[in-house]
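Visitor: Spelled out from the first residue to the last, the chains are:
2 protein chains.
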Amino acid sequence: MIRAGRGVRRALAAAVRDAVRSGRLAPGTRLPSSRRLAADLGLARNTVADAYGDLVAEGWLTARRGSGTLVTDRMIDRPIPVRPAAEPSGDPCYDLIPGNPDLSAFPRAAWLKATRRALAAAPDDAFGYGDPRGRPELQAALADHLARVRGVDANPEHILICAGVSHALQILCEVLAGRGARRVAVESYGPDRHRGLLAAAGLETFPLALDAYGTDPVPPDGTDAVLLTPAHQFPVGTTLQRDRRTAVVDWATRTGGLVLEDDYDGEFRFDQQSVGALQALAPDRVVYLGTASNTLAPGLRLAWMALPPTVAAEATAAKGSIDSCAVLSQLTMAEFITSGAYGHHVRAGRRRYRHRRDSLVTALAQHAPKVRATGTAAGLHTVLSLPPGTEQRVLHAAVREGLKVAGLSQYRHARSRNVMADALVVGYGVPSDDVWPQALSALMRILS
Amino acid sequence: MIRAGRGVRRALAAAVRDAVRSGRLAPGTRLPSSRRLAADLGLARNTVADAYGDLVAEGWLTARRGSGTLVTDRMIDRPIPVRPAAEPSGDPCYDLIPGNPDLSAFPRAAWLKATRRALAAAPDDAFGYGDPRGRPELQAALADHLARVRGVDANPEHILICAGVSHALQILCEVLAGRGARRVAVESYGPDRHRGLLAAAGLETFPLALDAYGTDPVPPDGTDAVLLTPAHQFPVGTTLQRDRRTAVVDWATRTGGLVLEDDYDGEFRFDQQSVGALQALAPDRVVYLGTASNTLAPGLRLAWMALPPTVAAEATAAKGSIDSCAVLSQLTMAEFITSGAYGHHVRAGRRRYRHRRDSLVTALAQHAPKVRATGTAAGLHTVLSLPPGTEQRVLHAAVREGLKVAGLSQYRHARSRNVMADALVVGYGVPSDDVWPQALSALMRILS
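Protein chains in written order, with our numbering: chain A, 1 to 448; chain B, 1 to 448.
Because the hints were derived from the structure by calculation, they are not lab data.
It should be emphasised that the depicted structure is a prediction, and the values quoted were computed from it without experimental measurement.
We treat Cβ as the ideally placed atom computed from N, Cα and C, and that holds for glycine.
Heads up, a few of these hints could be off.
Only part of the chain A face toward chain B is listed, based on derived beta-carbon distances under 8 Å [to be verified]:
hint, residue
1, Pro32
2, Ser33
3, Ala177
4, Arg179
5, Arg301
6, Glu314
7, Glu391
Working from the sequences, and respecting the hints, build out all of it.
Guide: Following this line, the structure appears as structure tokens:
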């Protein structure tokens, strides 16, 4: 193999950069494999691989597990900066992208206290290679907590600890693929990241219909699984109605399909009694997914699945033969839950986010009466309806105001027959309490 | 899809169980996919998948990422018990399997202190989705520590934090596969787990020749990468000689191949000056892999790679777009290193393990003078030569004595032309200080 020529490599990178900048290479376009391009151009494979590597580092390209190298869709995959300083200048100062909690509210003292207790109580073997399912202390604490707060009906042994919901989905993809599954139904609007994980595992995703009541969750026969956010549809914000819950569970029972219930913000319900988990209707057919990313912090890398008994062993095997989640974080989380500190922290968060939701609705009434906020009964985000055809304009205005916000359209499944009216998806979780007022007025400026 | 019939499922599981027990299905045998077997037997796919699931949970089968369902090789993949209680009775009470440190020596107080400081010093955004490379604090602490202790020459930005060496290898496999790599040379004797990870990624592994000086690390041209344990060959215990280090680095530079340096116990050197990392000879062709699993505890799930600049971006992309390692563990580890607590703990460990090594050598001289211990200059394990043809007999005697030990033969690459004489691989890391004497005398009983 010829060694990589730095000149050639730089030239190649520059050419691709220009193509992306000029739009000749559209976001999402798949590039040829470094092997093929090298052959086509008569270059050393490493030269092409290195050029791709540079562009990935700069954020122009995205190397995606299983699906090769794609032109980055900047709305979705934010570039990985080579160093924090290298981030594009004019970077927004108010982050209203949904999906993150207020990180300044992380309960450092309470977490340290839980760590002290966990370290004191841990048996020696807790520091070894763990059981792939996770620590029994955390399985037990979660089984009890989820039963009380979300009505989840699960045996602690069937709770699998994961390093985030993405990790959990990757595990489920492997289980489904291992069972020969092919087609997974997803909601018309949802996180691109989740669709990407399913696609990377070779599963075809197709959108469920959307109507005035929200998602129609019953897929055509021949579907192997359905991925849903029943408590608070992400991003639209609707709640799956009772009859539809029964309908999708009946489908699963009749066909042997699986329902994947992503309960990403199920603990943050404001206006009415929290809607229980769908899982309770059919513990044998529903996989319940929860996470500490919204209630505590994504940095903990802690999520969990309540698995049907018939899926537990395969999911454990798919996770691998050793636990990939730090044992001490698991023991600390278990202590944090059983001591009541977790419930206390979640209630405080619910008050904080409800207050922000209220102040947002009030501000809209005053400054942008035409804009309607929907899906505001729960969670860390809301959808703001916009006058037809204005979504892109408002997004550009947001950039000028230093606001990071998302347009509803970017969450749409490319093959969905439903197209929702222009809207913004506004996350009110991230700003700290003292920054929130400025963020709110900047938002009003682009809406009024 | 027909729903799974429990009777059929139980019968199917029982049939496979018998076949494995009787040896009709040999360890390592790949079973047909649940889809195919279902078709062959005219059963519902789920019935077969569930039966497989049960057998995986019981440890009879192993579902391996990418390579389907295999009959478990009990010497290597220990069964995942459905519940701790369900472990086979007569379980050994002394664990002398190499690869684990003394977990009773985990520095709980010092770790808590580091956690307190890390929590106090962490910026709010540390609790968010992290940079996939890991926390800069830990990258910097490791770059400095590895430079001082192992002579590693790496820019902090090119240090990637992983959840263990297996995770690191999975990432490297993806990088290699993405570059179109096909063939990876490994040592004639080495961990089956690592060969399995490479195979699962579709990479062909083939063994390097072994001679009186240890591994001949220079592979035939057309090889894409070489996986080595230069400081202390696992399990044989030899150290890669200077001329061979130069030779393999020359090969990499000449062909553009990569050297993967697994420095699993490089910090535990007893008799002479620690041998520096191979990486220093060619930082842009050698990937250095290190881990906290041997120096602190596997439960931390912390490992690291020092990457050639041209590989860093691809490896980061392969790790995924968010960090999968708990941020707080990373910040705590950084604090633990910079405060000097890590160096202190490693030195204490070196004294402990050296003492055990010495007591083992002394005991052999007294009770089993015919048995020679080799590869004892470093690390957590040693190789004990046995009279020809006695390895299996001694392994069975070990079981009767309640000793968990490994035979050298189980580490051999199936295609290696070299067959080493019968020997035991004895890890002296795991037993606590007060248990070690009993473990040692049990070992002497089976050897004398």
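Visitor: Give a verdict on every hint.
Guide: Each hint, compared with the structure:
1. Pro32: violated (11 Å)
2. Ser33: OK, holds: A:Ser33 within 8 Å of chain B, min 7 Å.
3. Ala177: violated (10 Å)
4. Arg179: holds (5 Å)
5. Arg301: holds (5 Å)
6. Glu314: Holds, because the Cβ-Cβ distance from A:Glu314 to chain B comes to roughly 5 Å (cut-off 8 Å).
7. Glu391: violated (25 Å)
Checked against the numbered hints given earlier, this structure breaks hints 1, 3, 7; the rest are met.
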